[in-house]
Every structure is written in C-alpha cells, then in structure tokens.
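Novice: Here is what each chain is made of, one letter per residue.
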Amino acid sequence: MHSLLMPFTTMSKSGSDTRLLRTIDLPYYRVEVLADGLQSLIRELRAKRFDTWAWYSLAEAADQLAVQQQAPEELVAVGHLKERWNQVGVIPYPHQLSTAKRVIFEMQGQAILADEVGLGKTIEAGLVLKEYLLRRLVKKVLILTPPGLVWQWYYELMEKFDITAGIQRTQWDWEYADILIASLDTAKREPHASIITSIPYDMIIIDEAHKLKNSATAAYRFVNSLQKKYCLMLTATPVQNDLKELYNLIGLIKPGQLGSYRSFKSNFVKDKRTPKNPQQLKELLDQVMIRNKRNEGTVQFTKRIVHPIIVSLTPKEREIYERVTEFVKESSRHTGLANILPLITLQREVCSSFLATALTLEKMMASMEPDQLEKPASLLRDLAEVKQNSKCDALERTIAQLGGKIIVFTEYKASQQYIRYRLERAGYHTLAFDGTLSRGKKQWIRHMFQKEGQILVSTESGGEGLNFQFCNQIINFDLPWNPMRLEQRIGRVHRLGQTRDVHIFNLITKDTIEEHIVYLLHEKINMFESIIGELDTILLNLKLGKSFESTIMDIFLAHEDAKQIRQELARFGDRILESRADIDASSLWELL
Amino acid sequence: MNATFKQLIFDFFSLCELEPLEIRRGIWQVNADDALMKELDGWRARGRLLQFTFEPDLAETFGADLIVPGSYRLNSIVQLVRRQGLLSRAHIPHHFFHEPSIRQKAMAGLNPGGRTYVVNSSIAYGQYIMLKIFVRLKGLSSQESIHTRIVDLSDARVLRLNLPTHLLQPGGVDETLLRKRKYGLKKAYNAAVENILADLDEQGHDWTLAAWERLEEEKGRLREYFENQSDSPAYEAKLQEVKTRLMPTIQMNAIRAAFIYVPLFQYRLILVRPDKTETSQNLSCDPISSLCLFH
Chain H
1 MHSLLMPFTT MSKSGSDTRL LRTIDLPYYR VEVLADGLQS LIRELRAKRF
51 DTWAWYSLAE AADQLAVQQQ APEELVAVGH LKERWNQVGV IPYPHQLSTA
101 KRVIFEMQGQ AILADEVGLG KTIEAGLVLK EYLLRRLVKK VLILTPPGLV
151 WQWYYELMEK FDITAGIQRT QWDWEYADIL IASLDTAKRE PHASIITSIP
201 YDMIIIDEAH KLKNSATAAY RFVNSLQKKY CLMLTATPVQ NDLKELYNLI
251 GLIKPGQLGS YRSFKSNFVK DKRTPKNPQQ LKELLDQVMI RNKRNEGTVQ
301 FTKRIVHPII VSLTPKEREI YERVTEFVKE SSRHTGLANI LPLITLQREV
351 CSSFLATALT LEKMMASMEP DQLEKPASLL RDLAEVKQNS KCDALERTIA
401 QLGGKIIVFT EYKASQQYIR YRLERAGYHT LAFDGTLSRG KKQWIRHMFQ
451 KEGQILVSTE SGGEGLNFQF CNQIINFDLP WNPMRLEQRI GRVHRLGQTR
501 DVHIFNLITK DTIEEHIVYL LHEKINMFES IIGELDTILL NLKLGKSFES
551 TIMDIFLAHE DAKQIRQELA RFGDRILESR ADIDASSLWE LL
Chain L
1001 MNATFKQLIF DFFSLCELEP LEIRRGIWQV NADDALMKEL DGWRARGRLL
1051 QFTFEPDLAE TFGADLIVPG SYRLNSIVQL VRRQGLLSRA HIPHHFFHEP
1101 SIRQKAMAGL NPGGRTYVVN SSIAYGQYIM LKIFVRLKGL SSQESIHTRI
1151 VDLSDARVLR LNLPTHLLQP GGVDETLLRK RKYGLKKAYN AAVENILADL
1201 DEQGHDWTLA AWERLEEEKG RLREYFENQS DSPAYEAKLQ EVKTRLMPTI
1251 QMNAIRAAFI YVPLFQYRLI LVRPDKTETS QNLSCDPISS LCLFH
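Sequences listed follow chains H and L, in order.
Position one of the first sequence corresponds to residue 1 (our numbering), numbered consecutively onward.
Position one of the second sequence corresponds to residue 1001 (our numbering), numbered consecutively onward.
Mixed in with the good hints, there may be bad ones.
[Claimed, not checked] List of simulated lysine to aspartate or glutamate pairs, DMTMM-like, C-alpha gap at most 25 Å:
1) K1038(L) / E106(H)
2) K244(H) / E1224(L)
3) K270(H) / E1224(L)
4) K451(H) / E1017(L)
5) K1182(L) / E245(H)
6) K1243(L) / D162(H)
7) K48(H) / E1227(L)
8) K1186(L) / D25(H)
9) K160(H) / E1060(L)
10) K82(H) / D1041(L)
11) K276(H) / E1217(L)
12) K282(H) / E1217(L)
13) K48(H) / E1017(L)
14) K1038(L) / D162(H)
15) K1243(L) / E73(H)
16) K1219(L) / D162(H)
17) K282(H) / D1174(L)
18) K160(H) / D1041(L)
19) K1219(L) / E283(H)
20) K265(H) / D1231(L)
21) K272(H) / E1216(L)
22) K451(H) / D1065(L)
23) K265(H) / E1224(L)
24) K1187(L) / E106(H)
25) K276(H) / D1057(L)
26) K1182(L) / E159(H)
27) K1038(L) / E159(H)
28) K101(H) / E1217(L)
29) K244(H) / E1217(L)
30) K265(H) / E1227(L)
31) K82(H) / E1060(L)
32) K1243(L) / E159(H)
[Stated by the list, open to error] Reference listing, derived: stretches of chain H covered by chain L, where coverage requires no fewer than 3 residues with Cβ under 8 Å from a Cβ of chain L:
33) 108-118
34) 228-236
35) 251-265
36) 299-313
37) 354-362
38) 563-577
Because the hints were derived from the structure by calculation, they are not lab data.
Every residue, glycine too, gets a C-beta built ideally from N, C-alpha and C.
Using the sequences and the hints given, assemble the complete structure.
Specialist: See below:
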C-alpha cells in the first residue's frame, strides 16, 4: 500500500503551482492537460513500482464511485459532514444550505453574504469552502478577518467542517500554508501585502467586509489587488450611510455589476441615502449578494427570559460603596477626564466585589503623590475588613434553586476568584474560564463543562469566540455597561443551535449605579429580551465621540441626584432607540 | 450504487488482510492497526477496533462509523483506495488462444497460388497501456467523468476495440518475451488525450454555451466599469480573473495506468511464389486486434 497521503488527482491548484502539460485554445473552449497525474505515473514506472491488479481494480471502482457521488447540483459536503455535525451538535438551517447552493451553482463562488446578525454567515462560508475543497476546485485559500476573530474562524472550521487551517504568524506562512487565516490589518501591511498580492488564490474569504466600504483606504486597495478565483465577503451591514459604500463593496466582488460609478450615480442614486430605481438596483444586487433575514422562515430563536435579583447591601457594605463613590467623584474633579478609566473601573468594581475594588485601588495608589494617599489608604483598610458579600450570598441562594448547567459571568478576575472560593466552600464544583487561558485549555474546560461540569465562572474575555449552546442559564454577577459586551455574554448561549429558552439572572445591588445601568439596558432599550440587530452600527450612528462607558460615567459624575441620573439615562436610551429607528427606516436597508 | 460501495468496503478490508466480523446484525467490526488508521484519519490517529455499519439508525445507537454515500468514513476509505494502484500490469496468456487456428487464419490468402512454409514459430508479448483519464467539463457547472483508453505502444495508436478484460491475468510476464515498446508513456498519454478530445468534440459544445454567455456579459460589465482605462493593468488583471472563472474549460489528468501484455504469435516463413521464387518473412499475429503484420 502506498503510504503517501499526497493526492494524485488534484485537478485544481493555485496558479503558482499548476503544472500544465499543455494548454490548447480551441474556438469553443480551452483544454488544460494537467501534468501531475502523468508525472506520478512516470515516477512509479521509473521506480518499477507496480501495484497488484487487485488494488488497481479496486481503485478503479473507487474512482467511479467518487465521480458518481459528485452530483452536479447537490452539496457533497452535507453528506460528508453529517456525522461530524451530529457529534458537535450542528444542525444546518435550510437558509444556510440554500445560500451555499446559490453561491456555488448560480454565483460561481463570487458573493457577498449579508445575512442579519446571528443567522450563521460563517457556517455558510464554511460550507461553500468545504464543498469546493471536496470537489477539488480550490486548494489555496486565504481567510481575512479582524484580529479578534482569527481563532474563532480556526475553531469553527476545524470543529464544524473538519478543515485544518493555518494561522498566519510569519511572512513565510503566506506561501506555505494552503488554507490560511490572517488578520486583514496584518495582511495589508508590508512586507506581507507584496507577498500576498503575488499569490494567485483559489478562494478568498473576508469577514466583517463592511470595513472595506471606503475605496480610498489601504485595506480596500489591498483587497482589490488580490488575485482570486472565488471570493466571499461576509458582512451584516453592507451599507451604512452611503450608497457608494455598497458600490465599492460590490466592485471588489464583481466590478461592473453596477456599471461605472458615473452611470451608477445617474441610474441609482437620488441622494447618498436614497436610491433611485430601487427595484432595478435590488435585482442587480441579488445577483451578487444574499441576505437572509430573521422572521422569514429562517431561524426561530428561543426566548430570553430575564430574572432580576435585587440585592440589598448591609449597612457596612453601603458605607463602603458610598465612600468609594465619593472617592471616584472627588478624584475625577482633581484629575479631570484624562484619567477617567481607572475611576470607571473602580466604580464598576464596587458593585461586583470589594476584593476587586481593593486590588484596583492598590494599583492606583502606586501612582499617587504621598499627600494624596490618606483617603485611599483608609478606604483600603476598611475594604479589607468587610467580611460579608451580600451579592455572593444571593448568588449561592440562586444557584441552590437552579438545576442544570450555569454560567456565572463577571467582569473581573478578582471577583471570579472570590466567587469560585465561595461556591467551592458551599460544596459546588466550579470551572474557571478567563482570557489568560491558552486556546487548548479553553477548549478543554469547555469540554469538561459540557460533559460533567455544573458551574462555569467566566470573565467575558474568556468567553469570546466559544459557544455554549448546551447551557441555557446564565447569571450576571455584575453587569457590563456597554450593551455590545452584554450581547456577547448572552450570545455565548443564545445563538443558533440553542434549543431551549435562555434564562438570564441579573444580580443588581439596590440603590447603586448598577440599578441605573439595568434601567438603561433592560427597561429602556430592552437589551436582555430581544436581539438588537446591527448593534455596532447603532452605536456607531450615535456618534458619541467617546466610549459608551465614559458617556455613562459622565452622566453619573455630572449629577448627584438619583432622579436626575435616571432622567439623563432615559434621554440617552431614547437616543439609542432613535438611532436604531433611524437605521431601520433608512431606505438603504430596504434594498437588502 | 449501494451494492458497489458495500462490496468496495469488504474488498478493501480483504486486501488489507482484515476480516470484518459482524458482531450483531448490521454492525461490523474490524481491528484496524495504527498504520491503517493513520492512512484513513491522518497522522494523529491510532489503531482501534473500527466499528462500522451501513444503516444510519444503527450508527447512532451503537456509535459505529456510518458508511453510506457521502459519509465521512466511506469518503476516507474511497480516498485511501484511490491513492493505491497507480500503476499496475496484467497479461493475457497465450494458451487462451488456439494457436493452430491463428496460424491457419494467418496463412489463408497470404500467398495466393504459391506455397508457404513455417520454418519456426515463437511466442512473444506486445505491450499496450490502459490509461484512466479524469475529465472535467467546466462550464457554468461542471461535469466529471473517467475515460479509459488503450494505446498500443508499438505504434502509439489508440485501440478502437474493447479489450477482453475477462481474459486478463494479474501480473507481468517473462521480460525476455516482451517485444520492445517503441513509444513511451507520455506519447501514449498524448494520443489518448487527442482521442478523448475528438470524441468530446463529436458530442457537441452545448455545455459551453451558458458559460460563454456569462463570460461575454461580465466582460461587457468590466469594460463599462473601467470606462476609459481598458488598457490599464488593473483592467487586465480583472479580465484575467473573469476568464479564469468563466472560460469553458476541459481539464484532463491521468489517474492511473496499467500495462497490458497481449500475446503475439510469431512465425518465420518461407514463401514460394507461383513463379518459384522464394522469400523469407517474419509474421507477427496479434489475436486481440486480429492483425497480422510482416516485420
């Protein structure tokens, strides 16, 4: 038996290493006679390696079987991956399968996958890639993603599609890896860009492609110069503010689909946000773009059920909370907004655990002048003396009433350690998940949690990119102020593949800033119970000029009275909702 | 197809000298060693008791590998099998043919009015090569097929007749009996390719039409997009991309080959013509192509 795993019937190689014996250009078609099959035979003949007739005959039968399996208009990948999907719990949705079919059989592998958030664009792209790989139509593949999604792509491809891709680390990887995942930011820079543009790729996949909407950017020029046979671009927001963005994006996939820019403007643009001849434009877009929407028989997400748990602080805890808040306000008056970040952290931590607060305070003190140390030092001493944590007491009570698997989310590592200490002391076995763990360990812990764990205590950074659909209960020990981060938490369990309603337990300390945050996120913008699509676009559209957290902190610092804070947050919430309505009402979205 | 793939699986294990055991109705078990599992599942795999079934319900119940069209395990076995048997050889023994009949047929009408004497006779083997060629017709969709061509290595001509495969016996023959081939593998491959192309040409070009239409459409759009810059390198690059993707193409690649040694009956003849002149000739008869040639 030949031990080489090298395929010998590779029909499609990247241009760089395609070895053609000869090419014949005939009036109706081109003939490509590939050399590699013949060369393998010559090698065998020179070495006088004759295989037995029995193996030869069996291989002939296998050839026939392989060709028969390639039904021209069916996805070979579906049958091939069926068992793997059973093992890892993937159920492809009909809209994903039909998207993959359209991309391959109608669009010739050139498409913008513009499904709404949460409908599984990555699955669709993975399916198309797998199909092309199985049909041996692609070999050299480049996947460009934002830096934070590189590993997520790696795991998705490996787990769901049995595709082992490389992750770009050095400039040598571009040439040597057949399937490579890299960050777009790295790829567009020299010396990488020159190497990449010289390689003919069989397929290019670009995630978060809306970052290429501006044709004047280096990223756009770089992607436009790539040599590619098939290209998939993934974005939930192919157009945000200007029709030109859409024109640019489509120019990368299929230049000329919308004509020259001049003709596009005269035929389809009334003003930058209002299309002319929308029906005609939509027809042209449909030839290169697929957008699946929720509520079109695509995906039925399960419900999100919110359970607020109000925690009352003890007098001692209340006193500490007030003193920390006072310290934050006073410090912000002295230092101004330049050093606001540690103060925001401190204000958020005091609603989480005093251990986390104390550690941050200690760090802050290291950079203070000696004459400023008196107050924080006394605060630190008092923090150390507090033995009770009402929130943890409430957490223990909540967990005692719940069965099944639970993920406890906290923002802070110190809080995570404290929670674990308390739960272990109460007799629970816990697993910890945070950003410092290696990828392998994260996978292992996820596996342990799935198989035999009950409680996973996770910081958010640790949860990014990993999915836990097998669990349907989460407890927010503390709350992130930014709705994007909150959605990331919930999204770990409430996503495609979740078959049960998701229960979200929020521990909220009474009469603290946390109550105001819950008012904003839950009562005003209903973050917990509904999936707000295009959240990043909505927040971008707000044009805050600073982070979401800083905006909230400003409101908090500017007003002493709880009523006033509530009113300001209500106004801010209204702005978010207006931004959302504004985007929803835009005639640009009607195109999609 | 069902029977074919099941047979293929059992033949495969049999060639690996493994005997699958049906441990219960529909569930088969075979002891696959490290080497086999590595070939099937990659370098990390280890030897194990491989359980397999052809029935989806049983696969789930017993955790056995499912072998049905499209399944991972069938695909891994098919791919492994396809890596085997690149080059092989077989022969047709002389004793399958009745030599006196061949001799009689060869002599008949050879020397009208004269007499023919067989001084001596010998046997040899002529060399054919059977080439399996993968062909993909790539239009807007693609069609794949495998074509077989048998080429006579003494004249690089493609055999029009079907080889009586039921007569083939595995393995080679005594090399001293082989008649030296005049043409090599490459020449034979080219002859086979030309032959297949001629056949495809006869079948028509309908498969190219949709792709041509799309190609022209996209070229037009590209010209419009680049307006007055149709001589720019960017335009050329994009045009090339479009052509690579849409140009109707026939791709051909050799998959495997087998040398077929066919019997030759050789005679040293003295021909006495009606005018009493004598000539000496060597005659070679190939019962497969029913050709007798002087040489």
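Novice: Hints broken by the structure, by number, lowest first?
Specialist: Of the numbered hints, 1, 4, 5, 6, 7, 16, 17, 21, 24, 25, 26, 32, 36, 37, 38 do not hold.
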